[in-house]
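Engineer: Quick mapping for you: the protein sequence lines, in order, are chains L and U.
Note that the UniProt record's numbering has the first sequence beginning at 1, numbered continuously upward.
Note that the UniProt record's numbering has the second sequence beginning at 1, numbered continuously upward.
Simulated from the structure, these hints should not be mistaken for laboratory data.
We put the beta carbon where it would ideally sit given N, CA and C, even for glycine.
Keep in mind that a hint or two might mislead.
[What the hints assert, rightly or not] 27 Å max Cα-Cα, derived DSS-like pairs, lysine-lysine:
1. L/K222 / L/K306
2. U/K174 / U/K159
3. U/K159 / L/K16
4. U/K159 / U/K47
5. L/K88 / L/K39
6. U/K256 / L/K16
7. L/K302 / L/K222
8. U/K256 / L/K302
9. U/K159 / L/K306
[As the list claims (entries may be wrong)] Which residues of chain U face chain L? A partial, calculated answer using Cβ under 8 Å:
10. M102
11. V112
12. T197
13. Y222
14. V244
[Stated by the list, open to error] Computed footprint of chain L on chain U, listed as stretches where at least three residues anywhere in the stretch have a Cβ under 8 Å from a Cβ of chain L:
15. 24 to 37
16. 80 to 86
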Amino acid sequence: MSEQTATPAKRTIGGKLLIAMPYLWLLVFFLAPFLIVFKISLSQIAVSIPPYSPAIDLAEGWQGLVEAFREFSFENYIWLTEDALYWKSYVSSVVIAAISTLFTLLIGYPIAYGMARSPQAWRPTLLMLVILPFWTSFLIRVYAWIGILKNEGLLNQFLMMLGLIDEPLVILNTNIAVYIGIVYSYLPFLVLPLYASLERLDGSLLEAAEDLGCPPWKAFWKITVPLSLPGVIAGCFLVFIPAVGEFVIPDLLGGSNTLMIGKTLWVEFFNNRDWPVSSAVAVILLMILVIPIVLFQNQQQKMSEKEG
Amino acid sequence: MTRGPTWFNITSLVLGFSFLYLPIVLLVIYSFNESRLVTVWGGFSTKWYASLLQNEQLLDAAWVTLRVAFASATIATVLGTLAALILVRSGRFMGRSLFSGMIFAPLVMPEVILGLSLLLLFVAMGTARGFWTVMLAHTTFAMCYVAVVVQSRLVGFDKSVEEAAEDLGCPPVKTFFLITLPIILPGVIAGWMLAFTLSLDDLVIASFTTGPGATTLPMKIYSQVRLGVTPEINAVCTILVGLVTIGVIAASLVTKRQQVQRERDERAAFGADG
Chain L
1 MSEQTATPAK
11 RTIGGKLLIA
21 MPYLWLLVFF
31 LAPFLIVFKI
41 SLSQIAVSIP
51 PYSPAIDLAE
61 GWQGLVEAFR
71 EFSFENYIWL
81 TEDALYWKSY
91 VSSVVIAAIS
101 TLFTLLIGYP
111 IAYGMARSPQ
121 AWRPTLLMLV
131 ILPFWTSFLI
141 RVYAWIGILK
151 NEGLLNQFLM
161 MLGLIDEPLV
171 ILNTNIAVYI
181 GIVYSYLPFL
191 VLPLYASLER
201 LDGSLLEAAE
211 DLGCPPWKAF
221 WKITVPLSLP
231 GVIAGCFLVF
241 IPAVGEFVIP
251 DLLGGSNTLM
261 IGKTLWVEFF
271 NNRDWPVSSA
281 VAVILLMILV
291 IPIVLFQNQQ
301 QKMSEKEG
Chain U
1 MTRGPTWFNI
11 TSLVLGFSFL
21 YLPIVLLVIY
31 SFNESRLVTV
41 WGGFSTKWYA
51 SLLQNEQLLD
61 AAWVTLRVAF
71 ASATIATVLG
81 TLAALILVRS
91 GRFMGRSLFS
101 GMIFAPLVMP
111 EVILGLSLLL
121 LFVAMGTARG
131 FWTVMLAHTT
141 FAMCYVAVVV
151 QSRLVGFDKS
161 VEEAAEDLGC
171 PPVKTFFLIT
181 LPIILPGVIA
191 GWMLAFTLSL
201 DDLVIASFTT
211 GPGATTLPMK
221 IYSQVRLGVT
231 PEINAVCTIL
241 VGLVTIGVIA
251 ASLVTKRQQV
261 QRERDERAAF
271 GADG
């Protein structure tokens, strides 16, 4: 290895500019917007365009800044704790995401296991089949379920034809439909990391267990499950984190009493036009998600250190 | 783990893949339904596809979406590839952890937050909202996906080829275009395609950041879906699913062929050596 690639001293002006470009882009279009959301969450709603009165006016200089700090109001946050709608939305988002993640794991594990145990020649095709739905539009995949789950939809028609039920099951516009939507949309996110860790599993361990007289189900619990745990954890995080803030699925498949925070934020913003409160909702949602995101990052880091 | 597939494994694969594919297959089948009622089969017909061609609003939206997707995917690919090079090659620099944090955060951030924050930025800057704001917003989150895809390609990269070129006096820019880029090209192309489809798909961020005159196809589909399921939407969805499927399969065939070709070249090169 030559040292020239990693020495900052050798970096030319052109090189610095190259680093600066994506860096600046993200500072302007990713970090700055968050600071603005935070700022607006501390201001008051106003009947104007834009519909809030700014909390900081930079034009007034230092004096304005001091003034602004005095005028910061945590009213929006207090409002969030007072109105039951908000904390119920947060709790129910986390609960719905957790239940859906569990079901995704129950359905995804056999698929990943079957893939890892399939003949070598099948695996690229199977992998491709898991990835392909991920490329097709999210909205379309959610939409497809409406026609299936409706009262006069295909599932009810099918079950009534079989004579299993006499009356259509009410599934659309309930939380069950939301679970189905999340499991369906996020299944590839769980199957892929799980498959990766199951495929790496050393088959000789299972053979050794078998030779020593361990029944297959016990070998599965004692060997396969613990060794696939990193994949399980990574997959569950990849489903849980985006599911908490999901908007499209609860909006199209859920009913009016399905509370999820992404939907609450949307309604607050587009229907009630209350920008400060929706900003405060976003800030708290972010704070809730920071915990699983940091846990996920740590786990990934530990994994790559172990491999490296 | 290569033992013959058991019945249990085959069953779970069949059930799993039917779960993944059945809804899309049903959607496609019912786009050819004669009846206006989506769930009652009334015979085969392509009339909904014909009526799509007359729906000017929908065609407009499709055109806007394609332009946004093309522009944002292209800029995102340039920025994302640069970001990946920085992450893998640059060693330590000021604010490195902030940078990698900003690359990874949008991947797990809820779309409602990204959309809301970008809209508030555009309002604060006083920008007129429309095509450009949607394009900028899509570029921002797509470049992070591109960076991750290209980064995985760069990690398995044999740096000695690059160093050889530089030792022979090749200027860095030329080295990049003659050596680095061709090797990471499959990653860059995959990144562009991912960015393109993400932009094509996005409903939430576009809804927040758009303005008058820039309605995208997902927004159009969404507003019609809220009114009810119609065969016409099924037809739009079928066309989109068809395009994406063809694109992904074509791309995977191309990369497979390139890989075979490269392996053959490498073997030939080593054969000539020894």
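Engineer: Hints first: check each against the structure and report whether it holds.
Structural biologist: Structure-based check of each hint:
Pair hint L/K222 plus L/K306 holds up; C-alpha atoms about 21 Å apart against a cutoff of 27 Å. A C-alpha spacing of about 15 Å is found between U/K174 and U/K159, which places the hinted pair at or below 27 Å, so the restraint holds. Restraint check for U/K159 and L/K16: the C-alpha separation of about 21 Å stays at or below 27 Å, so the hint holds. For the proposed pair U/K159 and U/K47, the alpha carbon gap of about 57 Å is over 27 Å, so the pair is violated.
At most 27 Å may separate the alpha-carbon atoms for a hinted pair to count; L/K88 and L/K39 meet this at roughly 25 Å. Straight-line distance between C-alpha atoms of U/K256 and L/K16 comes to about 36 Å, which puts the hinted pair past the 27 Å bound. Among the hinted pairs, L/K302 with L/K222 is consistent with the structure: their alpha-carbon atoms are about 22 Å apart, no more than 27 Å. This hinted pair does not check out: U/K256 and L/K302 have alpha carbons roughly 32 Å apart, beyond 27 Å.
Note on U/K159 and L/K306: the hinted pairing holds, with a Cα-Cα distance of about 23 Å set against a maximum of 27 Å. At about 4 Å, the closest approach between the beta carbon of U/M102 and any beta carbon in chain L falls short of 8 Å, and the interface hint on this residue holds. Below 8 Å, beta-carbon pairs count as interface contacts, and U/V112 has one with chain L at about 5 Å; its hint therefore holds. Annotation: interface hint on U/T197 holds; nearest CB of chain L at approximately 6 Å, less than 8 Å.
A least Cβ separation of about 6 Å between U/Y222 and chain L falls short of the 8 Å threshold, and the interface hint therefore holds. Interface hint at U/V244: satisfied, since its Cβ lies 5 Å from the closest Cβ of chain L, which is below the 8 Å cut-off. Coverage of a stretch by a chain is defined here by at least three residues with a beta carbon nearer than 8 Å to that chain's beta carbons; for the region 24 to 37 of chain U and chain L the count is 4, and the condition holds. Requiring three or more residues with a Cβ within less than 8 Å of a Cβ of chain L, the coverage given for the region 80 to 86 of chain U holds, as 5 such residues are present.
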